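**Q** Each chain is listed here by its residues.
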Amino acid sequence: MQEYVLLMVGAALVNNVILARFLGLCSFMGVTTRVDTAIGMGLATTFVITVSSMGNWAIEGYLLEPYGLGYLRTVTFILVIAGAVQFTEMTVRKISPPLFQMLGIYLPLITTNCAVLGVALIMVETKLSFIAATLFAFASSLGYSLVMVIFAGLRERLALSEVPRLFAGPPIGFIVASLLALAFLGFSGINTN
Amino acid sequence: MLLAVGSLTAIGLGLGGLLGVAGRLLAVEENPLEAELQALLPGSQCGQCGFVGCAQAAAALARGEAAVTLCPPGGKAVAEQLAKRLGVRVDLSAHTKRVPAYAQIVEELCIGCTRCLKECSVDGIVGANKLMHTVVSEVCHGCGKCAAVCPTNAIRMIEIPDTLATWHWPKPDAAALSRSRRSHLESGMTPA
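For the record, the sequence lines run as chains A and B. The first sequence maps to residues 20 to 212 in the working numbering. The second sequence maps to residues 79 to 270 in the working numbering.
Rather than coming from a laboratory, the hints here were simulated on the basis of the structure. These figures come from a predicted structure and were not determined experimentally. Heads up, a few of these hints could be off.
In silico DMTMM-like cross-links for lysine to aspartate or glutamate, where the CA-CA straight-line distance does not exceed 20 Å [claimed, not checked]: (1) B:K208 / B:E185; (2) B:K223 / B:E197; (3) B:K223 / B:D240; (4) A:K113 / B:E107; (5) A:K113 / B:E112; (6) A:K113 / B:E108; (7) B:K223 / B:E237.
Bound conformation, chain A alone (with noise of 0.2 Å):
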């Protein structure tokens, strides 16, 4: 039991996977302008994750690794995320329309966003029991989530206040950023293993 906890809490906090392993940067910057958006984001993004990594396990488990055709990994896992973001844009539009239209381009992107084809990675690497691997992928989307969701805050002040003209817009965001990324560094300090 104690083990998953570490596990979710290093996945989610200590190699996050905004901040810590520099995955799913576009979506990052390209859909926290709003907080209501990045929390719709989270929850699209948490959901393609957390599905397309059981899919990805099994597909690894019982098809790539006993018939050694490792060289599909990418291939097969693109095909499953794909699935899968297929039918959480398909969800998405038939529940809520508003956030359909919120999220635009960035809804198809999931699938070529890195975070989620890094988490099946980095699970498959790591050699995860099937229930570890599937807590890890939904504590990284977590991860992911909450960071989402701290800046899209920050970023809804910062439209607020004044900036200096030369750092107002991206600039600006991307020094937040930074220093997002500089606090999370201290929860490397924790020991998870």
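Go by the hints and put chain B onto chain A.
**A** Chain B in isolation, oriented as in the chain A frame:
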């Protein structure tokens, strides 16, 4: 080799089948009228109707929340087509003032601020910072947004003259329209 091809094909087919089923279950009902109306609109997303873009305007039209005369760049022709498609009668007497126009930049007044450039929804203005801008008249659809933002009033809207390049044989439908346009040109009104 066979195993690799076979397994990828199987995964693809399986996922495709699942998505097909999900697509049936989660189908979103769309009003086919919206797509039809959107095809009638100019599609330049100029936003003069007050909606974000032509898709939103078409949706409002389909719901009956907007007047068919909402589209300034489309002018009388689009209003007539929309009215025909929606089966509503519309008084177009107020619309006869509008003729196809394009923007022209008065070169002596242009200060090269690039504001019109950013405003143009069809990328019809060429220019750079502190350099004179010019309008590509073939692209310009005469929405007049650039004229509204110009700080020196250097942009004016010019009626498209009947030249060999712009004149077409009138279609039976458009004949009435072009007659009214010509009579309007003769009366010498300026576009809005």
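**Q** None of the hints should be skipped; say for each whether it holds.
**A** Taking the hints in turn, this is what the structure says about them:
no., hint, verdict
1, B:K208 / B:E185, "holds (12 Å)"
2, B:K223 / B:E197, "holds (7 Å)"
3, B:K223 / B:D240, "violated (24 Å)"
4, A:K113 / B:E107, "holds (9 Å)"
5, A:K113 / B:E112, "holds (18 Å)"
6, A:K113 / B:E108, "holds (11 Å)"
7, B:K223 / B:E237, "holds (16 Å)"
Hint compliance for this structure: hint 3 is the single one not met.
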